[in-house]
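Below are the chains, spelled out letter by letter.
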Amino acid sequence: MIHSDARQTINQAAGRAAPLEAGGLLLGWWDSDRVIVRSAVEVVDPAASGTSWIRRENLAQEALDRAIATAGHPWMGYVGDWHSHPAPCEASAQDLKSIRSASRAYPQPLLLIVHRSGGVLDIRAARRGRSQTVLEVSA
Amino acid sequence: MATLATHFKTALSNIEPTEDAKNAQSAHAEVTAALEADDLLVKLGVDPLLIGSYGRHVSIRRVKDVDVFARLSKAGKDLRPGKILDHVEAVLEAAFPGRITRQHRSVMVDFPDYDLSVDVVIARPCGDHWEIPEKIEDDGNARWVETNPTKMAELTTQSNKDYLLYDDDPGSGVYVPVVKLVRQIRRVWVDDQPGGYFFEVLTYHAFSNVNPNETTYAGYLTVVLREIADLLADVADEGLDDPTLEGKKIKTKATAEQLVAAADRIAEAATLAEDALDAEDCPAAVKWRELLGTTKNTTTEDYVFPLPEYCNADGTRKQASAVTRGASTVPAGSGRYA
Numbered sequence: 001m002i003h004s005d006a007r008q009t010i011n012q013a014a015g016r017a018a019p020l021e022a023g024g025l026l027l028g029w030w031d032s033d034r035v036i037v038r039s040a041v042e043v044v045d046p047a048a049s050g051t052s053w054i055r056r057e058n059l060a061q062e063a064l065d066r067a068i069a070t071a072g073h074p075w076m077g078y079v080g081d082w083h084s085h086p087a088p089c090e091a092s093a094q095d096l097k098s099i100r101s102a103s104r105a106y107p108q109p110l111l112l113i114v115h116r117s118g119g120v121l122d123i124r125a126a127r128r129g130r131s132q133t134v135l136e137v138s139a
Numbered sequence: 140m141a142t143l144a145t146h147f148k149t150a151l152s153n154i155e156p157t158e159d160a161k162n163a164q165s166a167h168a169e170v171t172a173a174l175e176a177d178d179l180l181v182k183l184g185v186d187p188l189l190i191g192s193y194g195r196h197v198s199i200r201r202v203k204d205v206d207v208f209a210r211l212s213k214a215g216k217d218l219r220p221g222k223i224l225d226h227v228e229a230v231l232e233a234a235f236p237g238r239i240t241r242q243h244r245s246v247m248v249d250f251p252d253y254d255l256s257v258d259v260v261i262a263r264p265c266g267d268h269w270e271i272p273e274k275i276e277d278d279g280n281a282r283w284v285e286t287n288p289t290k291m292a293e294l295t296t297q298s299n300k301d302y303l304l305y306d307d308d309p310g311s312g313v314y315v316p317v318v319k320l321v322r323q324i325r326r327v328w329v330d331d332q333p334g335g336y337f338f339e340v341l342t343y344h345a346f347s348n349v350n351p352n353e354t355t356y357a358g359y360l361t362v363v364l365r366e367i368a369d370l371l372a373d374v375a376d377e378g379l380d381d382p383t384l385e386g387k388k389i390k391t392k393a394t395a396e397q398l399v400a401a402a403d404r405i406a407e408a409a410t411l412a413e414d415a416l417d418a419e420d421c422p423a424a425v426k427w428r429e430l431l432g433t434t435k436n437t438t439t440e441d442y443v444f445p446l447p448e449y450c451n452a453d454g455t456r457k458q459a460s461a462v463t464r465g466a467s468t469v470p471a472g473s474g475r476y477a
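As they're listed, the protein sequences go chains A and B.
Sequential numbering from 1 applies to the first sequence in the working numbering.
Sequential numbering from 140 applies to the second sequence in the working numbering.
Hint data in this document are derived by calculation from the structure and do not stem from the laboratory.
Yeah, the Cβ is synthetic: ideal placement off N, Cα and C, and Gly gets one too.
Keep in mind that a hint or two might mislead.
Among the chain A residues that face chain B by a calculated CB cut under 7 Å, a handful are [unchecked claim]: (1) D5; (2) R7; (3) W29; (4) S32; (5) W53; (6) E57; (7) A69; (8) A71; (9) G72; (10) G77; (11) C89; (12) S98; (13) S117.
Turn these sequences into a full structure, and let the hints steer you where they fit.
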């Protein structure tokens with residue numbers, strides 16, 4: 001489930017950053033095997049380009065710590081990454097490789113949201129290093 | 140102490156007039172184009188400006204009317220408002236046939252597809268300020284009254300820069316969100332009058348008086364609401380200072396009884412906010428829900444403040460054994476997305 005707050009944050013950040021890529025963290029929790037994305041935060045990549053955004057550990061951890069501290073929500077934590085594609089392209093092979101790699105650090109699945117030009121969200125999942133099918137996405 | 144920042148953010152989204160904003164922009168552009176295409180109005184220096192709560196970005200769902208200030212920058216003291224308003228009416232009738240209503244000092248254009256209207260008020264220069272007709276008589280003459288609608292927009296922008304949720308984030312202005320929350324509370328707790336602008340000015344004075352320095356929406360709203368309640372108690376006798384015009388008071392349609400009633404209700408609301416701020420998350424959320432009520436003038440009346448996912452409607456906490464909290468650490472190293 002992707003909450004409208006998360007969609008709004010991603011849309012706004014992607015719009016501000018264009019024609020460069022923007023990206024950040026998905027925040028939420030796991031309910032059995034479901035990933036609940038309650039909100040999103042932007043993490044600025046100082047070297048972002050029109051075709052690349054990098055999650056840098058220090059900056060990302062700072063953003064996560066701050067988001068958790070200010071959220072006032074006991075379930076909130078990191079559940080995946082998002083980034084924008086200024087072009088109408090879906091998740092790339094590099095994107096899928098990165099989220100698979102990140103997912104090895106957690107027992108639960110991670111989500112990847114790619115914001116394509118026009119506001120379309122491409123949603124992918126990975127668990128323990130393997131891609132997973134996203135069965136259902138609701139508001 | 141329950142701050143529920145995530146849920147306040149959602150509450151603010153729930154009162155944001157997203158769809159109305161797009162429509163208001165289109166409607167304003169259409170009216171402006173019609174006014175600027177007229178030769179006489181061009182000679183009078185017509186320069187329409189969006190004013191009102193929508194123009195100041197403090198409007199909440201639903202926006203039913205949008206105010207356009209038709210500045211006639213080259214108009215002299217001999218301008219007869221009745222005559223020029225007749226002309227504006229004719230210009231707008233030609234552009235929007237059958238959708239025009241003449242009002243006592245303005246012309247209203249209906250946009251039924253958007254379910255909103257645009258109110259066009261003419262204005263002539265008066266030193267650094269502007270004057271608008273107070274009430275136009277049958278002979279076309281009128282008394283003019285001084286106004287400065289752009290000043291309130293400037294004060295709003297400045298206050299939103301002065302009061303921040305996070306000192307190191309200039310984009311975290313909290314004044315505008317609190318004005319919106321107060322406007323919503325007025326709709327829920329006050330019977331019709333005083334109106335939204337009156338409460339916006341009260342909020343401005345409350346910020347100026349208290350100079351709050353909180354770290355959450357909940358904290359700011361609670362402090363400001365109590366100050367508004369205190370201010371309202373005095374306003375019935377003393378009037379409310381107009382922050383845009385030195386020595387002037389804000390006009391209101393509210394009677395003295397309505398002002399007293401509003402003061403009592405807002406005092407109640409302020410007490411509820413203080414209780415919510417002191418309570419644990421789930422009982423606090425129930426109180427914030429009561430304070431912010433439901434959306435008004437919308438197809439369905441939905442709660443503005445969402446119930447947290449971990450709370451029951453009665454304020455108890457859910458037993459959620461299947462839930463695993465999101466991770467507290469990000470993946471090690473860097474992750475490149477392309």
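Hints, one by one, checked against the model:
1. D5: holds (6 Å)
2. R7: violated (10 Å)
3. W29: holds (5 Å)
4. S32: holds (5 Å)
5. W53: holds (5 Å)
6. E57: holds (6 Å)
7. A69: violated (9 Å)
8. A71: Since chain B brings a Cβ to about 5 Å from A71 of chain A, closer than 7 Å, the hint holds.
9. G72: Check passed: Cβ of G72 of chain A comes within 4 Å of chain B, closer than 7 Å.
10. G77: holds (2 Å)
11. C89: Constraint on C89 of chain A not satisfied, violated at 10 Å.
12. S98: holds (4 Å)
13. S117: This interface hint is violated because 15 Å lies over the 7 Å limit.
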